[in-house]
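**Student:** Going down the list, the protein sequences come from chains F and B.
Position 79 of the first sequence, counting from 1, maps to 79 under the working numbering, and the rest follow consecutively.
Position 112 of the second sequence, counting from 1, maps to 112 under the working numbering, and the rest follow consecutively.
These are calculated hints, taken from the structure and not from any lab test.
What you are looking at is a predicted structure, and each value in this text was computed from that prediction instead of being measured.
Careful: at least some of the hints might be erroneous.
[As the list claims (entries may be wrong)] Computed, partial: chain F to chain B, Cβ under 10 Å:
| id | residue |
| --- | --- |
| 1 | R206 |
| 2 | E208 |
| 3 | Q228 |
| 4 | A231 |
| 5 | V233 |
| 6 | T261 |
[Unchecked claim] SDA-like mimics (lysine to any residue), calculated; alpha carbons at most 20 Å apart, straight line:
| id | chain 1 | residue 1 | chain 2 | residue 2 |
| --- | --- | --- | --- | --- |
| 7 | B | K58 | F | D102 |
| 8 | F | K212 | B | T7 |
| 9 | F | K258 | B | E11 |
| 10 | F | K258 | B | R95 |
| 11 | B | K57 | B | R95 |
| 12 | F | K116 | F | M23 |
| 13 | F | K212 | B | K57 |
| 14 | F | K212 | B | A6 |
| 15 | F | K212 | B | I70 |
| 16 | F | K266 | F | M227 |
| 17 | F | K212 | B | F8 |
| 18 | F | K116 | F | D102 |
[What the hints assert, rightly or not] These stretches of chain B come out as covered by chain F in the derived footprint (C-beta under 8 Å, 3 or more residues):
| id | stretch |
| --- | --- |
| 19 | 66–78 |
| 20 | 98–104 |
Note that beta-carbon positions come from the ideal geometry of N, C-alpha and C, so glycine has one too.
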Amino acid sequence: MSIAIERPLRTEEGPNAASQNGMNRYAIEVGAMNVFYGDFCAVRDVSMQAPTNKITAIIGPSGCGKSTVLRCFNRMNDLISSVRIEGKVLFQGQNIYDVSVDPVEVRRRIGMVFQKPNPFPKTIYENVAWGTRINGFKGDMDELVERALRAAALWDEVKDKLQQSALGLSGGQQQRLCIARAIAVEPEIILMDEPASALDPIATLRIEDLMKELSEQYTIIVVTHNMQQAARVSDYTAFFNVDDNRTGYLIEFDDTEKIFTNPSQKSTEDYITGRFG
Amino acid sequence: MVLLRATFVRELGALQTDTLMLGSMVIQALKESVEALRRRDLHTARRLIQEDEIINKKRYEIEAECLRLIATQQPMAGDLRLIAAVLEISTELERIGDYAKGIGRIIILVGPEPLIKPLVDIPRMCEIATEMLQQALDAFLAQDLEAARTIPLRDDEVDALYNQVHRDLIAMIIEDLTLIDRANYMLWAAHNLERAADRVTNICERIIFTITGEFIEFDMN
Numbered sequence: 001m002s003i004a005i006e007r008p009l010r011t012e013e014g015p016n017a018a019s020q021n022g023m024n025r026y027a028i029e030v031g032a033m034n035v036f037y038g039d040f041c042a043v044r045d046v047s048m049q050a051p052t053n054k055i056t057a058i059i060g061p062s063g064c065g066k067s068t069v070l071r072c073f074n075r076m077n078d079l080i081s082s083v084r085i086e087g088k089v090l091f092q093g094q095n096i097y098d099v100s101v102d103p104v105e106v107r108r109r110i111g112m113v114f115q116k117p118n119p120f121p122k123t124i125y126e127n128v129a130w131g132t133r134i135n136g137f138k139g140d141m142d143e144l145v146e147r148a149l150r151a152a153a154l155w156d157e158v159k160d161k162l163q164q165s166a167l168g169l170s171g172g173q174q175q176r177l178c179i180a181r182a183i184a185v186e187p188e189i190i191l192m193d194e195p196a197s198a199l200d201p202i203a204t205l206r207i208e209d210l211m212k213e214l215s216e217q218y219t220i221i222v223v224t225h226n227m228q229q230a231a232r233v234s235d236y237t238a239f240f241n242v243d244d245n246r247t248g249y250l251i252e253f254d255d256t257e258k259i260f261t262n263p264s265q266k267s268t269e270d271y272i273t274g275r276f277g
Numbered sequence: 001m002v003l004l005r006a007t008f009v010r011e012l013g014a015l016q017t018d019t020l021m022l023g024s025m026v027i028q029a030l031k032e033s034v035e036a037l038r039r040r041d042l043h044t045a046r047r048l049i050q051e052d053e054i055i056n057k058k059r060y061e062i063e064a065e066c067l068r069l070i071a072t073q074q075p076m077a078g079d080l081r082l083i084a085a086v087l088e089i090s091t092e093l094e095r096i097g098d099y100a101k102g103i104g105r106i107i108i109l110v111g112p113e114p115l116i117k118p119l120v121d122i123p124r125m126c127e128i129a130t131e132m133l134q135q136a137l138d139a140f141l142a143q144d145l146e147a148a149r150t151i152p153l154r155d156d157e158v159d160a161l162y163n164q165v166h167r168d169l170i171a172m173i174i175e176d177l178t179l180i181d182r183a184n185y186m187l188w189a190a191h192n193l194e195r196a197a198d199r200v201t202n203i204c205e206r207i208i209f210t211i212t213g214e215f216i217e218f219d220m221n
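One chain only, chain B, in its complex shape:
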């Protein structure tokens, strides 16, 4: 049996590689944003806001390549599902990139003032969310159905941490109303990370669709 359409097969491989590259950029941005928040590093915050443009550009490049392949290569079955999934996954990744940019903006709003409490749960949320994303990217590359089904289970850990942060901050506000703004900034940062993990779950749903052709939705409750 001769392998046909070698060029198309190569182009699909390159599309997957580009998606992984976008994912790596997003993971890096998210990690840097939380580290910059810990250090109140305004310089890095400004850079992250600026570099979000690079992530957006990469996402548009991937979208254009998907459209080109659909228009010129008439993809069918698994090839078609892969391209459809890449369109969705690249959008999810770009939005996770926006969360990193959002944390950059929060850093600028907070300014060089000390944080109202030491950062413990937020870095942990970031750690889990970026681990989940890395695992999802690995599952996407390997087309690993089992991994795609189990990765979203960790979203519960992120949600629990978010609820913890939420409770702590509300308690602080009740004690001292002047902390409202600064507590709110922390809550936004935590919310961004909670949403990032949700989007990893969406990515896993798309990986499952690529492999099985079935649309499933994880019920996080």
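Isolated chain F, as found in the complex:
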């Protein structure tokens, strides 16, 4: 498999400039992105930057294009034939939509966790090992599985039943297994699409705690219709709205604290105070 995305060390000044330790300040930079389903413009003119090793939440009313935008960040929308994307999505300074870029490699380095836990109908162990095995991993698989399960705060609950089916786990455990599976291939970014909406409140809080822990090592971008969850867990929040043509657009991006205590835009205030939506 070719690895088309290099890891350039950026040296120029400005918002794209690398920080002193060589890490890009932004994990993802989106510029003037439009997304179409056939002729229908689903999302228009999105420009935003998701800071590295932080949690960015995307919130907004139904139909504002939250999930569509998230799926653009690792080319998941490629799997829908009618989708067309304009603009730039930069990862490590490179547009992931360049023809030279391998989408499979993009998805390895930008992992995804979905709304409904979707473990493979295999053992717990195989769920974690599978992704790295098909990527040709030759190291100590037991060690890797343990490390990923520990990072996903699941190891203590499953260490004695690694060879049992993943489908026997609770919903919350299955979702943490999916997170372990995403971590196992060592991505840099984890995209989460409503990761806790199918879970009970306690399992939800466990996922949120886990997200906080993971953000020390990974950049996380999470779509949630649960505003309170965005407020609790994220460092930055992007608020999207939908116009009369049913096209989604970015209203405001700022520190989560700012968005939830003193947003700049009236429509953000109306949404988070429950005045519309």
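Could you slot chain B onto chain F? The hints should help.
**Tutor:** For chain B alone, kept in the frame of chain F given last:
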């Protein structure tokens, strides 16, 4: 049982620590103000007036953090009461800081002239008020209901000293009307300390609210 919301729990702890820090700043300012009054130390008086800004700033930081936690963390039950109490306690502390600044202003008004009487009761009032405040801060940290209920009892001692100062100064004015201004300055200083102790009582009421959820008011009479 797994401890959930570790980040939020840590942030609540930091909020308590910040409140204690504000309390320490206020205790220090109050002690310094009375010591400066004793020495008629204009330099310290000016510094105390200036440094009240730092106390005010710290109080606003605490308030902003309370609002952030309410807006982003949806606190409930004891967590909510703690944050509500911190909002009140930080305001009370900031006002006690204003009393220290007020004594700083009095020092400047008095100038380098000798005081009309030796300072005995006023330093004692300061000592009791700052001890009460320190005990209240300890009770806040430990969430000690018994302490929060007993600390306000000492307010009677401060009130008695204030009444003593008041009587002494009035007697001096009756004897010599030219002492009115200087006696008045001393009375203001004593009044500031009397009010400081009252505010410690308010702080104790908020500690009790945090622990029990009940609003109670100490009747000082």
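**Student:** Check each numbered hint against the structure and report the violated ones by number, ascending.
**Tutor:** Checked against the structure, the hints that fail are numbers 7, 10, 12, 13, 18, 20, while the rest are satisfied.
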